[in-house]
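Colleague: Listed here are the chains, written in short residue letters.
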Amino acid sequence: MPAQPGDQEPQTGAAGSAEKTTNAPINTSEDDLSLARSRARTGFDRSVISYAAWVLRWRWAALIFCILVAVAAASGARHLGFTSDYRVFFGDDNPQLLTYEALQRTYSKDDNVSFVLKPDNGQVFSPEFLTALRDLTDEAWQVPYSTRVDSITNYQHSFADGDDLTVQDLVGANLELNPAEIQNIRTVALGEPLLVDKVISGDAQTTSVNVTITLPQKSEDETAEVMAYANQMAEKFRADNPNVKLVMTGVIPLNNAFNQSAKSDLETLIPTMYGVILLVMVILVRSATGTFTALLVIGLSVVTAMGVGGYMGIKLTPPSAIAPNVILTIAVADSVHLLVTMLREMRKGASKNAAIIESLRVNFGPVFLTSLTTVIGFLSLNFSDAPPFHDLGNISSVGVAAAWLYSILLLPALISILPVKVKAGQGGAEKAAGMDQLADFVIENRKPVLIVMILIVVGLGAMIPRIELNDQFVKYFDTSLEFRADTDFATENLSGVYQVNWSLPSGESGGISDPEYLAKAEAFSSWLKTQGGVAHVQSLTDTFKRLNMNMHGDDPAFYKLPEERDLAAQYLLLFELSLPYGLDLNNQINVDKSAMRVIVTTDDISTNQLRTLEYAAAAWLETNFPAGKTEASSPFVMFAYISQRNIIGMLTGTVTAFILISLSLMFALRNFRLGVISLVPNLVPIIMAFGIWSIFVGEVGLASSVVTATSLGIIVDATVHFLSKYQRGRRDRNEDVEGAVRYAFSTVGTALWVTSAILVAGFGVLAFSTFRINEDMGLLTAIAIAVALIADFLLLPTLLLTVDKRRKQRGEANIGAPQIATKAAE
Amino acid sequence: MTFYKKHHTRAHSGLATLIVTALAVTGALATPAALAESPEEKGLAIAVEADKRDLGWVDSEAELKMILTNRNGETSTRELRIKTLEVQDPDVGDKSLTIFDHPRDIEGTAFLSHTKITEPDDQWLYLPALKRVKRISSANKSGPFVGSEFAYEDLISQEVAKYTYKWLRDEACGDLQCFVIERFPVYENSGYTKQVVWIDQEEYRAMKIDFYDRKDSLLKTLVNADYKEYLDQYWRAHTLQMDNHQTGKSTTLTFEEYQFKIGSNEGDFTSNRLKRAR
Numbered sequence: 001m002p003a004q005p006g007d008q009e010p011q012t013g014a015a016g017s018a019e020k021t022t023n024a025p026i027n028t029s030e031d032d033l034s035l036a037r038s039r040a041r042t043g044f045d046r047s048v049i050s051y052a053a054w055v056l057r058w059r060w061a062a063l064i065f066c067i068l069v070a071v072a073a074a075s076g077a078r079h080l081g082f083t084s085d086y087r088v089f090f091g092d093d094n095p096q097l098l099t100y101e102a103l104q105r106t107y108s109k110d111d112n113v114s115f116v117l118k119p120d121n122g123q124v125f126s127p128e129f130l131t132a133l134r135d136l137t138d139e140a141w142q143v144p145y146s147t148r149v150d151s152i153t154n155y156q157h158s159f160a161d162g163d164d165l166t167v168q169d170l171v172g173a174n175l176e177l178n179p180a181e182i183q184n185i186r187t188v189a190l191g192e193p194l195l196v197d198k199v200i201s202g203d204a205q206t207t208s209v210n211v212t213i214t215l216p217q218k219s220e221d222e223t224a225e226v227m228a229y230a231n232q233m234a235e236k237f238r239a240d241n242p243n244v245k246l247v248m249t250g251v252i253p254l255n256n257a258f259n260q261s262a263k264s265d266l267e268t269l270i271p272t273m274y275g276v277i278l279l280v281m282v283i284l285v286r287s288a289t290g291t292f293t294a295l296l297v298i299g300l301s302v303v304t305a306m307g308v309g310g311y312m313g314i315k316l317t318p319p320s321a322i323a324p325n326v327i328l329t330i331a332v333a334d335s336v337h338l339l340v341t342m343l344r345e346m347r348k349g350a351s352k353n354a355a356i357i358e359s360l361r362v363n364f365g366p367v368f369l370t371s372l373t374t375v376i377g378f379l380s381l382n383f384s385d386a387p388p389f390h391d392l393g394n395i396s397s398v399g400v401a402a403a404w405l406y407s408i409l410l411l412p413a414l415i416s417i418l419p420v421k422v423k424a425g426q427g428g429a430e431k432a433a434g435m436d437q438l439a440d441f442v443i444e445n446r447k448p449v450l451i452v453m454i455l456i457v458v459g460l461g462a463m464i465p466r467i468e469l470n471d472q473f474v475k476y477f478d479t480s481l482e483f484r485a486d487t488d489f490a491t492e493n494l495s496g497v498y499q500v501n502w503s504l505p506s507g508e509s510g511g512i513s514d515p516e517y518l519a520k521a522e523a524f525s526s527w528l529k530t531q532g533g534v535a536h537v538q539s540l541t542d543t544f545k546r547l548n549m550n551m552h553g554d555d556p557a558f559y560k561l562p563e564e565r566d567l568a569a570q571y572l573l574l575f576e577l578s579l580p581y582g583l584d585l586n587n588q589i590n591v592d593k594s595a596m597r598v599i600v601t602t603d604d605i606s607t608n609q610l611r612t613l614e615y616a617a618a619a620w621l622e623t624n625f626p627a628g629k630t631e632a633s634s635p636f637v638m639f640a641y642i643s644q645r646n647i648i649g650m651l652t653g654t655v656t657a658f659i660l661i662s663l664s665l666m667f668a669l670r671n672f673r674l675g676v677i678s679l680v681p682n683l684v685p686i687i688m689a690f691g692i693w694s695i696f697v698g699e700v701g702l703a704s705s706v707v708t709a710t711s712l713g714i715i716v717d718a719t720v721h722f723l724s725k726y727q728r729g730r731r732d733r734n735e736d737v738e739g740a741v742r743y744a745f746s747t748v749g750t751a752l753w754v755t756s757a758i759l760v761a762g763f764g765v766l767a768f769s770t771f772r773i774n775e776d777m778g779l780l781t782a783i784a785i786a787v788a789l790i791a792d793f794l795l796l797p798t799l800l801l802t803v804d805k806r807r808k809q810r811g812e813a814n815i816g817a818p819q820i821a822t823k824a825a826e
Numbered sequence: 001m002t003f004y005k006k007h008h009t010r011a012h013s014g015l016a017t018l019i020v021t022a023l024a025v026t027g028a029l030a031t032p033a034a035l036a037e038s039p040e041e042k043g044l045a046i047a048v049e050a051d052k053r054d055l056g057w058v059d060s061e062a063e064l065k066m067i068l069t070n071r072n073g074e075t076s077t078r079e080l081r082i083k084t085l086e087v088q089d090p091d092v093g094d095k096s097l098t099i100f101d102h103p104r105d106i107e108g109t110a111f112l113s114h115t116k117i118t119e120p121d122d123q124w125l126y127l128p129a130l131k132r133v134k135r136i137s138s139a140n141k142s143g144p145f146v147g148s149e150f151a152y153e154d155l156i157s158q159e160v161a162k163y164t165y166k167w168l169r170d171e172a173c174g175d176l177q178c179f180v181i182e183r184f185p186v187y188e189n190s191g192y193t194k195q196v197v198w199i200d201q202e203e204y205r206a207m208k209i210d211f212y213d214r215k216d217s218l219l220k221t222l223v224n225a226d227y228k229e230y231l232d233q234y235w236r237a238h239t240l241q242m243d244n245h246q247t248g249k250s251t252t253l254t255f256e257e258y259q260f261k262i263g264s265n266e267g268d269f270t271s272n273r274l275k276r277a278r
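In order, the protein sequence lines correspond to chains A and B.
Heads up: the first sequence begins at 1 in my numbering, then just goes up one per residue.
Heads up: the second sequence begins at 1 in my numbering, then just goes up one per residue.
Simulated from the structure, these hints should not be mistaken for laboratory data.
All C-beta atoms, glycine included, are put in the ideal place defined by N, C-alpha and C.
One or more of the hints may lead you astray.
Quick partial rundown of chain B residues pointing at chain A, CB under 7 Å, derived from the structure [what the hints assert, rightly or not]:
1. Arg71
2. Asn72
3. Pro103
4. Asp105
5. Leu125
6. Leu127
7. Ala129
8. Lys134
9. Asn140
10. Gly191
11. Lys194
12. Ala225
13. Gln246
14. Ser250
Working from the sequences, and respecting the hints, build out all of it.
Modeller: Set out below in structure tokens:
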């Protein structure tokens, strides 16, 4: 296995000098040490051996120390909580967030709970259902933090009777619901542009009660409080009206779904991962003590990381809730490496302590490098624009570092303390025959293999631009979550939760009453209605038209915009004077009456389509509203740009990670040339993974921005392992290129595919996440790791055979002097 | 219209009437602290006394400026005049006429309201641009008054019979000593479950009111300041600050000098005259 830039000087070794260790070890016989020393080929080896002896000597202290560290860190977990706010996905300076927050400060807030109701008989306009709807509307004012309730029953219907203007609930509290009244209600509701396709479906079968919620945002529990009350209302309604289907959607249920998804992932993914781990242990380790120790190491790593996360004040979100899985995956790989070597040594007849020392000697470097590159990859997530990824990166980094510490300290100490039973003679001949055949195949067919590999990479790379970025936040959630199923039902039967707002400035106080302005606003809303993907447009111009009609004795000929400014302003004053509690116009016009907002509800469109709509609208407004600059805004718009912003943010992060990882790798290999060659098999898997994704899935969201950096940190390990063995073959064993490739295959081939299998399984578990971003991230990473192995087996050796051979033909010196502290996993 | 203009109570039956009578007889009104008085009785007595002290002003007129502010700090100003006629019948509320002077596009718009105790008010609006008077029928007493944080019911006369009462405690309010009472609206479409009112013990003026919404959460707070005494008897606040705690919006009303007994009559407060209201 891989190489490690070891300290050449004993005094800077990991733990004290060789002299010390010879004097003291209680548990380590001179035989064990001398056997180990005989295998030591470098100063680094000797330092590791000394360290191993020191750990064995102080095994109880090491055990207690590790447990104390874990307990101290774990106590931070009490600070952990879950976030219930979609806004956490946006950094404080996110421009779309800022625009939307400004809009919400100018108008009223848009957070809501929407009860969507569909009677089984499809009759919204029946006395029974309307009565139930009216009651539900009334009760909805009791929802905590509610500031407004809208439904067809409290819709403020205005009508004229001579010079009397009546403004009242469409289904008043004391209204007798006889057939004539119901017919009237039906006609009004289905004829009102403000209601149809938003509050009531065009087929009159589905309707909604929309509760506007203004959270004080003082406590984390507000969303839960609202949801608890709303759920209780929903249950009561369902019990009283078994023939009505009721679902809940809106921003508050969305917020709650983030919380639910994160909790559900913690509850299901971690046990699944433990199942995978046990399977790995049974297949690879086959030792009760070994399994117990590994479980302790990985368990403590997770506990430590989550505890530190708590101290850091992290509130869990679906992305950061998968940190335990990432940690478990990486940690189990560390433990398996150490245990497999140790147990093999014991089966070959070595004493337990000798086996521990040998295992540490062989694996200390590789495990360190693996951890380092993985940590770099995850730390680079701090460049992301979405704070939940910072949390994922930071928790995972702590966990991976902890896993490293516990693997090299707690694991050897505990194994040394506990009894380990092995059947002697079992180990030894690992089947490397398959690997030898693979080596032969690659060497014999180097040219075709190289060409085919290049073609595949280029072909897959060409597919990448076809990937469509889509961040429909409803679809982030698996259909197993209530929010997704309910929202899908609402979208299908009434209208969805995707909205877009445009605030149209008039440029002067009271300017919204200017007929010219109103005409433009009306033109904009008409234009919007002709655009694809637009389901409903809410505009105050419809209210103006209706008032004009009411003011002219309900003559339909006057269902048009008022033609004088004073008239429009006075209509507005009249209407404002007539509205009851909670139903003011502040959600549609600003306080200065200098701007109003147009609210579009879209169909189930992708964020790509939304951006198209937005660009078209911007162009339309540029031409027709040159006076005031206005931008579309809404949560949907925020998510429409989240992937792009994050990809741009992560470009820096990914490049930084790439440079740092490549440098660590060059340093580990102590060879610049091999370091450069290694870039190919490090980058190619990511290209291939996205190419494969493009063919089989085609669409990706936020996950795409972070996968490159995190998977890079993981896939470089395989490359480094292969190259270090190759280098050792060339240098220590004086093999030619072919011989060195064969040597690399036979020494690390098996270990590489075993490690990759563990990692693929670990990240594959994330496919069971209820959160699309996690699923995508897990699958993309798993694919990248799998294809990285193919690249290391097929592309890297053929590349070496081609490039290194040519170099030799030119008669240049062979791989240079720098020594590699490389250990064979013989 | 006036703020906290107090009025005759309705002819309460039973206990309330008895108490009022008893209080009137004993004259022990400054600090109604009769023996074994329940908090409800004490609360009512305070309201009755406040009402009693504000009788007989006949009519009034005042100009005011209304400044609306949203969470962004953006403001908007309206200027209006309010004329009020005191109605002697205790079962009926006062009559008020609101004339808008600014902004320009609503200048001359006039709003006439005959307030009721427990029913929707009778309302008419004159729209100069349409040159017509429109009668408005709506349940808008609890609605926002021209987009402000004041509901119409916050502005109109505070008849005793509009609420039931409960005394909570006495406490300091600024430099003064206040009664703190709860009052519960009788009108079924009220936007409030209750109001908590701080009334100063010397002059029986409402200094501060907390409004609780339909779900009994604190909705907004009104602070009345710059009280001036007119005709040696009638106190009027000149700065009214209403803050909405839920939406972060606020409204400030600033009154110019009040005029009393200006000779208005019933005829000035009829819909026929609305067109000519100036």
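Colleague: Now, for every hint given, state plainly whether the structure supports it.
Modeller: Going down the list of hints, with the structure as the test:
The restraint placing arginine 71 (chain B) at the interface with chain A holds, with a minimum CB-CB distance near 4 Å, inside the 7 Å limit. At its closest, the beta carbon of asparagine 72 (chain B) sits 4 Å from a beta carbon of chain A; the interface hint therefore holds under the 7 Å criterion. Checking proline 103 (chain B) against chain A: minimum C-beta separation of about 5 Å stays under 7 Å; hint holds. A cut of 7 Å between beta carbons decides the hint on aspartate 105 (chain B): the least distance to chain A is about 4 Å, and the hint holds.
Here the hint on leucine 125 (chain B) is kept, as its CB sits about 5 Å from the closest CB of chain A, short of 7 Å. A least Cβ separation of about 4 Å between leucine 127 (chain B) and chain A falls short of the 7 Å threshold, and the interface hint therefore holds. At its closest, the beta carbon of alanine 129 (chain B) sits 4 Å from a beta carbon of chain A; the interface hint therefore holds under the 7 Å criterion. Checking lysine 134 (chain B) against chain A by beta carbon gives a least distance of about 5 Å; that is within 7 Å, so the hint holds.
Hint status for asparagine 140 (chain B) relative to chain A: holds, with the closest Cβ pair at about 5 Å, below 7 Å. Of the supplied interface hints, the one on glycine 191 (chain B) holds, with its beta-carbon coming within about 3 Å of a beta-carbon of chain A, less than 7 Å. With its C-beta approaching chain A no nearer than about 14 Å, lysine 194 (chain B) sits outside the 7 Å limit, and its interface hint is violated. Given the 7 Å rule on beta carbons, the hint for alanine 225 (chain B) is violated: about 23 Å separates it from the nearest Cβ of chain A.
The restraint placing glutamine 246 (chain B) at the interface with chain A holds, with a minimum CB-CB distance near 5 Å, inside the 7 Å limit. Interface hint status for serine 250 (chain B): violated, as the beta-carbon distance to the closest one in chain A is roughly 10 Å, over 7 Å.
Going down the numbered hints, you'll see the structure goes against 11, 12 and 14, while the others check out.
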